[in-house]
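Construct all of the structure, not just a fragment, from the sequences and the given hints.
Chains as they are written, first to last, in the numbering used here: chain A, 747 to 992; chain B, 353 to 927.
Worth flagging that the hints you see were computed from the coordinates, not collected in a lab. Mixed in with the good hints there might be a few duds.
[To be verified] Below, computed lysine-lysine pairings styled on DSS-like, alpha-carbon distance capped at 25 Å: (1) K826/B to K918/A; (2) K779/B to K880/A; (3) K826/B to K870/A; (4) K870/A to K830/A; (5) K826/B to K863/A.
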Amino acid sequence: MGLLAGRTALVTGGSRGLGRAICVALAREGAAVAFNYSKDEEAAAETLRGIEACGVRGWSFKVSVLDRVGMQALVKQVEKDAGKIDILVNNAGIGQVVPLALMEEEDWDRVMDTNVKGAFIATKAVLRGMVREKRGRILNIGSLAGVKMMQAPVHYSAAKAALKGFTEALAKEIGRYGITVNCLAPGVLDEGVSGNLPAARRDEYLRHCALGRLGTCEEVADFAAMLVSDRNSFMNGATVVLDGGV
Amino acid sequence: MDCQSCAPPELRKDKPHTFLLHEPTTCGTCGVGLEGRVVLRGADAVMLKLCTTCGPSEAVLSTDAEGYLAAFLARGERPAGATGDHLFKHTTSTCPKCLTLVPAEVVIRADSRVYFRKDCATCGPSEALVSEDAAYYVRAYAFARAGTEPLKFAAEVEHGCPTDCGTCNDHEQHTCLPIIEVTDHCNLECPICIVNNQYSNHIEVATFGSIIDTLIRNEGQCESVALSGGEPTSHPKILELIAAAQRPEIGRVVVITNGLRLGKDRDFARALKASGCYVGLQLDGFTADTHEKIRGRDLVAEKDAALAALKELDIPTQLIFVATRGVNEHQIGQVVELFLREDHILSLNFQPAAFTGLGGGAFAHDPMDRLTIPGVIKAIAAQTNGALRYEDFFPLPCSHPQCVSLTYLLRLDDGRHLPFARFVDFKRYGTLLRSSATLPATAEMESTLQDLMYDVFSQQDDIPEAPAVLAALKRALGVMFPERQLSPQQAITIGERQAKSIFLHHYMDRHDFDLERLRKCCHHYPQIDGRIMPACGFNMFHRGAAKGKDTQLAPWGRKPWTTGGDGQIRLSVVT
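Below, the structure is given as structure tokens:
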């Protein structure tokens, strides 16, 4: 029996990259998995197939994480079908390699909205059920760029640092309801948001990484599955760095 | 229960147990009969005994406190088809004729009411109605919570309750509300009056100050101090007394008044407003006949004048309504309507009539058919068109749960008020069930309101008006806990505009006196000799008017301060 047998999870931004890997990892551990995505229907279908291949139920919703009403409807639908949502992984996020000098206000807003406001909207939507159940696991996908000084876009680093604060304040506020909130901060991975990094920056990372390689989405996803399982019951408000040793 | 509305928790400590009830027992050493005190301590139910010969002792009744409580509550279920009286428990009451303490059987009858059955060796048997709803009465025990100890007790345990009063370290609750009687002069002679005005004395300001000193020494802080009488506004130095009570350790000073001077002397009303005190206005009805029966004459115009002054000057007000069977119970809805309509009226206190005192002791009544707390709640529900329901009210665990019932009403943003019970399980929120008339802005209250908000948030599909409740809670949290320090007075002032409260407090008399209730009384009369006297014990045994004029004092009774014919105060003044 998997670590998450009988649980239901919602992963935001689950159609591609790390989001997809997390969906499949959770499914492999026995959780029924719902995810949302905003654009790529073909990729979403592939994720859904990956979930269902694990023998669990999957749901796929084409809803932006910034669509409050849509996210609430998504949550209601999953709760209606599965009874409850036990796990939320706030994964949806975007990056953009641009120096501050060239960064437009719209760039800033887009990155901050998707990475931070999206987590707020998804969390508020699932929180009602978790408080009712007096149980829940919320995992925010942060970034090493939000924890350490790195050569990374300012708005992206700021957004990921905001998620760390979001994690800590929320963990304090809702711990009394048996809900844990943690943040997983990966280093540079070989696909997903990191895939857009210029080669020079990837090389710089490799120079500083003790393991001398980039991480994989599967490595992060497997660890995420453990973090939201009952095996990880006392961690709360923590930001865990997974970076190969930088 | 820790009264954090009255003082920070680090100042006063909880009792090490939850006082539950009194039961007859025997001294384990000499075998003499005693009235034991059953408390829940940790996982145990324990009988605490005080033998005047052998001293204190205790015996474990059960190692399953929860099971003991459940079994006790089950005793309150009258078996289906039962005939005759169903014995629920025992306590100690008083003979209504000679006022001697006598054993009482607490019985539930087929009419689902609770009665005391007593038998005085001198005067013979008697009975008295205690509660009009046995289910409420029994369930109230489930609300019992540990009391809080004062920093300093005013008396030592020697002979036991009530003779050592007060209060001694066997008393189960500190002083939540001190009521200081500042004069025994009055401008009315009310047929229902529960005191014993001798028209002999106005308290000296310095003596009053020494009482405040004693309170602060014993209690640390007090959320409220009430000035009563007599009619306190007949005291020539009432404004000086108010000023003397306004110390940093005291949250609010409340002047309990019939309102006559307030209504006719606008300069005085303005001075009261300027003093920052609160007013507890006696208002028992709206028609000449009700006033005549309860207060001795038609007061309609004078009460209207007092209400107008309070409204015009926006003086924070509590209404006090003595509810009396067959006299004014039909006007209960009207006073609730007034209370809900006016922003400056913060709380409403119903007092089912107690037949004690110079007036009340002789007031015509039937001890078997009188208003009790459940009867008043039923009248509120019946006369308010659904604004309030029977289920909106809960026993207050701070005092003995049979003494006080209350509800809080959250002020919605559109000006309406919604009882908290409509959206919260009161039993889970002990913080709300306090003797405080308003929501104090304490750290514990912040946590409670936040919990409450999450409860409503998570169940909003099932809660009527959930969005309005959430908006009101958001407003309350915002103003009560801003990102700046509030003084204790500011915290009270802001909190009291977020919610209103209705309290029902049933003072006892010679018919329904219950020593068990007295044990946890938290409304106390501080005396100039340093005693802090639980109100009903004082009225019954010390005031000298439990049956009206010429009531004989109990052997241990000590009258309040009066100046005798020689002009001397009878009791020594505390130093």
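Given the hinted pair K779/B and K880/A, is their Cα-Cα distance within 25 Å? holds, 18 Å
For a C-alpha distance cap of 25 Å, please report whether K826/B and K870/A respect it. It holds: about 16 Å lies between the C-alpha atoms, which stays within 25 Å.
Are the Cα atoms of K870/A and K830/A separated by 25 Å or less? holds, 14 Å
Would you mind confirming whether the straight-line C-alpha gap from K826/B to K918/A stays at or under 25 Å? Holds, because 19 Å separates the two Cα atoms, which is no more than 25 Å.
Does K826/B pair with K863/A here, judged by a C-alpha cut-off of 25 Å? Holds - the C-alpha atoms of K863/A and K826/B are around 20 Å apart, at most 25 Å.
Violation of the numbered hints given earlier is absent; every hint is satisfied by the structure.
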